[in-house]
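J.: Okay, here's what each chain looks like letter by letter:
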Amino acid sequence: MAKLTIEDLKRLREDTKKKTVLREGGAIVNITVHMGTCGIAAGAREVMEVLLDEMSQTDRQDIRVTNSGCMGMCSSEPNVTVEIKGQAPVIYQHVDKNRMRQIFKRHVLKGEIQTDFALARIQ
Amino acid sequence: MREISLHIIDIAENGIAADADLITIRISERPIKNLLKITINDNGRGIPHELIDKVTDPFFTTKKTRRVGLGLSLLKEAAERCGGEFDIKSREGAGTEVSASFMIDHIDLAPIGDLAGSITCLVMGNPGVDFVYTHEYNQRSFTIDTRDIKRELEGVPVNTPGVLRFIADMINGSLKELKED
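Going down the list, the protein sequences come from chains A and B.
Position one of the first sequence corresponds to residue 1 (this note's numbering), numbered consecutively onward.
Position one of the second sequence corresponds to residue 1001 (this note's numbering), numbered consecutively onward.
Next up, chain B with everything else stripped away, as it sits in the complex (with noise of 0.2 Å):
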């Protein structure tokens, strides 16, 4: 993946595909101790207890339309080439959260990416799932929890295009700031 940031698009979709309605994805910048480490839980129905030592194996999958399953070990190995460490939980019935991190400074971390067109590229394609977007850069942070953004919304959908770019605009500025001295 040319991004980190598809990465997260990547391993949301699969807790969606399990039935999750809850995806929380949290990215934590530590540039002082060159650090970046991006979690994500969901709550779908899990990965059963067998299964679990073979999800990054790139030539297993449990889906029937092909014969590679590529989304974990591709984060795994992105993880461990840039001097990480990759971690996947889960609990069949209570769901999964995959953890990864990567040396800021390494010379093959991708970019980040645009963390504002996943998350709304997220919402966008799966409106009745909830998004919780935490972002720690040292200290700071913020989250953006679109259970907040829905009760706001009093019925309008929340893949208006209008609402949408809201999101993406709120995300934007939001980073800017954070990152701001």
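Isolated chain A (complex conformation) (with noise of 0.2 Å):
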């Protein structure tokens, strides 16, 4: 692979400004994925790689991943916190690559549950 350079970053600038250009306002759909240590040894950067890949393929720009500490139920991590404004934020327990994509898919865009691996809902 050729080395990147600066050149390549102000390119990728210009074509990501291009498509923002609609972007305004805060985020729809907030996605928090644990990362405290049970978190990442249970398998969290993996959750994080397929929500990078998930992400670069929706044209959606109103969705916001971020990390976060151990809440605390460090047996069923990975946890994923999903928030959809105006609703109750569910956390997914156990989330590996395959749910994480399932969870994207269906709750992130669709708005459906997926009670399956859902560990709460936080009213």
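These are computed hints drawn from the structure, not numbers from a lab.
There may be inaccurate statements among the hints.
As the list claims (entries may be wrong) - Simulated DEER-style distance windows between Cβ atoms: (1) Asp96(A) / Asn1138(B): 48 to 58 Å; (2) Leu1051(B) / Gln123(A): 14 to 24 Å; (3) Asp53(A) / Gly1173(B): 14 to 24 Å; (4) Gln93(A) / Thr1062(B): 17 to 27 Å; (5) Ala120(A) / Pro1058(B): 41 to 51 Å; (6) Lys97(A) / Leu1035(B): 28 to 38 Å; (7) Phe1059(B) / Leu109(A): 37 to 47 Å; (8) Arg1002(B) / Arg121(A): 30 to 40 Å; (9) Leu1035(B) / Ala88(A): 42 to 52 Å; (10) Arg101(A) / Asp1108(B): 47 to 57 Å.
Unchecked claim - Below, a list of computed lysine-lysine pairs in the BS3-like style, where the Cα atoms sit at most 30 Å apart: (11) Lys85(A) / Lys105(A); (12) Lys1179(B) / Lys1033(B); (13) Lys1033(B) / Lys1176(B); (14) Lys110(A) / Lys85(A); (15) Lys85(A) / Lys97(A); (16) Lys1033(B) / Lys1063(B); (17) Lys1089(B) / Lys1063(B); (18) Lys10(A) / Lys1150(B); (19) Lys10(A) / Lys1033(B); (20) Lys1063(B) / Lys85(A); (21) Lys1089(B) / Lys1054(B); (22) Lys1089(B) / Lys1037(B); (23) Lys1037(B) / Lys1150(B); (24) Lys1037(B) / Lys1063(B); (25) Lys1179(B) / Lys10(A); (26) Lys1176(B) / Lys97(A); (27) Lys97(A) / Lys110(A); (28) Lys85(A) / Lys1176(B); (29) Lys1054(B) / Lys1037(B); (30) Lys97(A) / Lys1089(B); (31) Lys1150(B) / Lys1033(B).
Claimed, not checked - Non-contacting residues of chain B with respect to chain A, defined by C-beta distances greater than 10 Å in every case (computed): (32) Asn1043; (33) Thr1056; (34) Phe1060; (35) Gly1083; (36) Gly1093; (37) Ser1101; (38) Asn1126; (39) Asn1138; (40) Arg1140.
Computed from a prediction, not measured in an experiment: that's the story for all the values here.
Virtual Cβ for every residue (Gly too), placed ideally from N, Cα, C.
Fit chain to chain and form the complex, with the hints in mind.
T.: Here it is, written out as structure tokens:
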């Protein structure tokens, strides 16, 4: 692979600006990957990789991915919280690559909560 | 942890949890000296002097969500298991430095792992934090500084998928170049 240069970054910047020209306002969907020691050891980084992959395949500009620490449910890690604006956040448990893809495609993009591996809904 | 790079995420996340906005990660590989050393600095709020000796105790944590604190203790164990050393220095209000060294040829040494994936993961999940990643291999090195990248991006978010791919490719390309004869 040829080494990337600052010119590549500038081209990327201009491309991204064109694609995101309509983006204004806050996020509609917030995805939080819990990355305490337990989450990292259980596979949270791989979950983040899937999110990066899925984010790059969608035109949606209103989805935000963030990390947070352990929420105390270490035995159910990796845990991922999906919060759609105006709805109660849903915590998913034992999230692996396949589950994360399903959560993204069904819950994040279509609003369908994946109850099979939902741990809790925060009211 | 099955990779050294996962320890790096873990320690960096500790700094971010302590309100750091700059994380410096230095990895030094010296095959000639049979030494791998990782050093992670943050400019977070630091650890109170009276707690510094307790932080590698797996049954000590300042968190309220659970009763164990495994991150630093796992790294210390990994380093010592591989003939290396662990050190932590901290100053309240100034930040913390964690370092761990390993004998490269030790049978128990976990692979360094996916460094590009780990750095990208940190940037993706913490776009408001800056990361400076330096990798040394014998006498050669490269540094990636997200402050420079952000400056060039002129407001385009650093956690945009295309930018994250750029960072991952840049790290993988630089690592490959670093280790070529």
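J.: All hints are to be evaluated individually against the structure, with a verdict given for each.
T.: Now for the hints, and whether the structure bears them out:
no.: 1; hint: Asp96(A) / Asn1138(B): 48 to 58 Å; in the structure: 38 Å, violated
no.: 2; hint: Leu1051(B) / Gln123(A): 14 to 24 Å; in the structure: 36 Å, violated
no.: 3; hint: Asp53(A) / Gly1173(B): 14 to 24 Å; in the structure: 20 Å, holds
no.: 4; hint: Gln93(A) / Thr1062(B): 17 to 27 Å; in the structure: 25 Å, holds
no.: 5; hint: Ala120(A) / Pro1058(B): 41 to 51 Å; in the structure: 27 Å, violated
no.: 6; hint: Lys97(A) / Leu1035(B): 28 to 38 Å; in the structure: 34 Å, holds
no.: 7; hint: Phe1059(B) / Leu109(A): 37 to 47 Å; in the structure: 43 Å, holds
no.: 8; hint: Arg1002(B) / Arg121(A): 30 to 40 Å; in the structure: 32 Å, holds
no.: 9; hint: Leu1035(B) / Ala88(A): 42 to 52 Å; in the structure: 51 Å, holds
no.: 10; hint: Arg101(A) / Asp1108(B): 47 to 57 Å; in the structure: 34 Å, violated
no.: 11; hint: Lys85(A) / Lys105(A); in the structure: 17 Å, holds
no.: 12; hint: Lys1179(B) / Lys1033(B); in the structure: 16 Å, holds
no.: 13; hint: Lys1033(B) / Lys1176(B); in the structure: 21 Å, holds
no.: 14; hint: Lys110(A) / Lys85(A); in the structure: 13 Å, holds
no.: 15; hint: Lys85(A) / Lys97(A); in the structure: 24 Å, holds
no.: 16; hint: Lys1033(B) / Lys1063(B); in the structure: 39 Å, violated
no.: 17; hint: Lys1089(B) / Lys1063(B); in the structure: 20 Å, holds
no.: 18; hint: Lys10(A) / Lys1150(B); in the structure: 11 Å, holds
no.: 19; hint: Lys10(A) / Lys1033(B); in the structure: 40 Å, violated
no.: 20; hint: Lys1063(B) / Lys85(A); in the structure: 28 Å, holds
no.: 21; hint: Lys1089(B) / Lys1054(B); in the structure: 13 Å, holds
no.: 22; hint: Lys1089(B) / Lys1037(B); in the structure: 16 Å, holds
no.: 23; hint: Lys1037(B) / Lys1150(B); in the structure: 28 Å, holds
no.: 24; hint: Lys1037(B) / Lys1063(B); in the structure: 28 Å, holds
no.: 25; hint: Lys1179(B) / Lys10(A); in the structure: 27 Å, holds
no.: 26; hint: Lys1176(B) / Lys97(A); in the structure: 27 Å, holds
no.: 27; hint: Lys97(A) / Lys110(A); in the structure: 19 Å, holds
no.: 28; hint: Lys85(A) / Lys1176(B); in the structure: 43 Å, violated
no.: 29; hint: Lys1054(B) / Lys1037(B); in the structure: 23 Å, holds
no.: 30; hint: Lys97(A) / Lys1089(B); in the structure: 37 Å, violated
no.: 31; hint: Lys1150(B) / Lys1033(B); in the structure: 36 Å, violated
no.: 32; hint: Asn1043; in the structure: 18 Å, holds
no.: 33; hint: Thr1056; in the structure: 13 Å, holds
no.: 34; hint: Phe1060; in the structure: 13 Å, holds
no.: 35; hint: Gly1083; in the structure: 23 Å, holds
no.: 36; hint: Gly1093; in the structure: 21 Å, holds
no.: 37; hint: Ser1101; in the structure: 20 Å, holds
no.: 38; hint: Asn1126; in the structure: 6 Å, violated
no.: 39; hint: Asn1138; in the structure: 19 Å, holds
no.: 40; hint: Arg1140; in the structure: 14 Å, holds
Hints 1, 2, 5, 10, 16, 19, 28, 30, 31, 38 from the list above are not met by this structure, while the remaining hints are.
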